[in-house]
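Construct all of the structure, not just a fragment, from the sequences and the given hints.
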Amino acid sequence: MIQLSLPASRGELAKLRAGDAVLLSGFLYTARDAAHKRLVGLLGEGKPLPFELRGAAIYYAGPSPAPEGLPIGSCGPTTSARMDAYAPALLRQGHNVMVGKGPRGAEVVEAMKETCSVYFAATGGAGALLAMRVKAAETICFEDLGTEAIRRLTVEAFPVIVAIDAEGNSLFSA
Amino acid sequence: MTRELNVALIEQAVRDLYIEACIHASPDLRAAVRAAHARESKPVAQEVLGQILQNMDLATENGLPSCQDTGLCVVFLDLGQDLHLIGGDLNDAVNRGVARACLEGRLRASSLTPLTRQNTGNNTPAVLHLRIVPGDGAHLTVAPKGFGSENMSRLKMLNPSDGEEGVKDFIVETMRLAGGKPCPPVILGVGIGGTAESCALLAKRMLLRPLGQRAEDPRLARMEEELLERINALQIGPMGLGGDTTALAVHIAELPTHIAGLPAMVNMQCHASRHREMTL
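Listed in order, the protein sequences are those of chains A and B. Just so we're aligned: 201 in the numbering used here is position 153 of the first sequence, and the numbers increase by one with no gaps anywhere. Just so we're aligned: 134 in the numbering used here is position 124 of the second sequence, and the numbers increase by one with no gaps anywhere.
A couple of the hints might just be wrong.
Quick look at which bits of chain B chain A covers, simulated, 3 or more residues with Cβ under 8 Å [unchecked claim]:
#1 105-119
#2 270-283
For each label pair, taking beta carbons as the anchor points, the in silico distance ranges come out as [unchecked claim]:
#3 A:Asp192 / B:His149: 38 to 46 Å
#4 B:Glu183 / A:Gly67: 25 to 33 Å
#5 A:Glu93 / B:Gln128: 19 to 27 Å
#6 A:Lys63 / B:Arg229: 50 to 58 Å
#7 B:Pro37 / A:Gly153: 35 to 43 Å
To be clear, the hints were calculated from the coordinates, so they are not data collected in a lab. The beta carbon of each residue, even a glycine, is placed where N, CA and C say it ideally should be.
Structure (structure tokens):
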């Protein structure tokens with residue numbers, strides 16, 4: 049099993065191949081539909097973003113509320129394809145790791161190749177298992193969005209599979 | 011003879027069943043995923059199915075929802091015609107059950123106004139399907155529905171000339187187009203016939219059938235087996251990462267339809283197939 053620390057360097061990402069099983073450790077920023085819309089809106093207006101996108105790993109997830117004694121509730125990935133409309137613009141700002149589930153569109157794959165980025169698949173529906181790998185969670189912006197707020201997660205040995213590598217090789221059938 | 015039933019009991023049952031369904035995977039689902047895991051020939055697919063099984067145990071051990079998408083709360087309520095409901099408005103009681111489950115069970119609030127995207131904050135309202143049946147009992151099924159899979163559902167009003175082959179092709183095409191998006195391995199609930207809305211509801215009801223049980227009608231049972239084989243031959247695999255396990259089951263039912271029509275609906279269900287029932 050490959051271990052990868054986040055944020056990850058371009059060199060480390062370039063070595064990964066579609067199909068590799070990887071354990072992620074470090075920071076993951078949660079963002080899904082509504083947060084993406086806001087981030088891309090801010091970019092369009094030329095306004096500063098609420099966190100440093102360069103080298104950021106974004107996890108397409110909206111967790112359930114944390115029960116007492118745990119940093120987060122159930123926390124599996126949501127369908128990545130809904131973020132396809134926004135992902136290329138964010139990748140071109142230096143964000144280079146995406147974690148979600150399901151296939152991506154051609155524009156995303158093109159932007160990934162251009163920016164040497166990697167798309168990891170986590171197991172959808174494995175929300176309890178993935179929550180156990182989250183050691184800390186902090187809401188950093190868009191709190192009004194509830195579950196869709198952007199949180200910085202500190203993860204340890206978070207299990208994923210390289211679904212599309214930086215050369216555009218993909219596990220998904222066309 | 012009329013029996014009285016206080017809607018407070020329905021509220022409590024909705025609350026309890028909703029939380030329980032979100033946390034505890036049912037035995038038939040565990041058995042179906044375990045069997046798929048044992049059969050699977052692709053290592054990545056085996057890894058994913060192994061995680062799904064492990065997740066079921068961790069959810070139960072930690073009292074966490076197995077999936078963070080605790081859905082919209084679909085409630086099927088069959089009320090006996092000799093039953094008299096007391097204690098207030100039934101719809102309010104069901105919604106109170108949903109709201110309490112969301113708050114007390116730490117479920118995710120996903121319900122919102124479609125165009126303004128304003129969240130209701132507690133997963134209300136429930137999607138309530140009522141039926142009046144003989145007797146004086148109340149049978150309640152709570153089936154939280156996640157939207158990764160719901161989004162991949164499709165209705166098609168086919169032509170009678172399309173026939174059975176056309177319906178089967180539509181079902182396989184629906185899976186092919188969905189690919190890895192609905193969190194395979196999935197269960198396909200299929201309704202054939204009726205009107206657009208009765209066909210859609212029938213497809214949803216088909217998701218409540220226990221896994222491993224075939225349609226009673228041997229003609230439909232054969233169709234289910236054939237479609238399951240065709241769908242798994244697509245090799246979409248768990249989470250769309252390739253493999254032998256794309257669907258765990260296809261459940262089909264029919265309704266009489268119009269001489270001019272042939273509606274077919276696929277309600278897509280991810281592997282987090284959740285439903286709990288109770289008779290009051």
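* To do: Verify the coverage statement for the region 105-119 of chain B against chain A, using a C-beta to C-beta distance below 8 Å and requiring 3 or more qualifying residues.
  => Per the Cβ count (4), the hint holds.
* **Range hint compliance [Cβ, Lys63 of chain A to Arg229 of chain B, 50 to 58 Å]** => The hinted range 50 to 58 Å holds for Lys63 of chain A and Arg229 of chain B, with Cβ atoms some 54 Å apart.
* To do: For the range 38 to 46 Å, tell me whether the beta carbons of Asp192 of chain A and His149 of chain B fit it or not.
  => 40 Å, holds
* **Supplied distance hint 19 to 27 Å, evaluated on CB atoms of Glu93 of chain A and Gln128 of chain B** => 23 Å, holds
* Within the assertion that chain A covers the region 270-283 of chain B, do at least three residues meet a Cβ-to-Cβ distance smaller than 8 Å? -> holds (count 3)
* Asked: Between Pro37 of chain B and Gly153 of chain A, does the beta-carbon spacing fit 35 to 43 Å?
  -> 39 Å, holds
* Asked: Could one say that the CB atoms of Glu183 of chain B and Gly67 of chain A fall in the range 25 to 33 Å?
  -> 27 Å, holds
Of the numbered hints given earlier, the model fails none.
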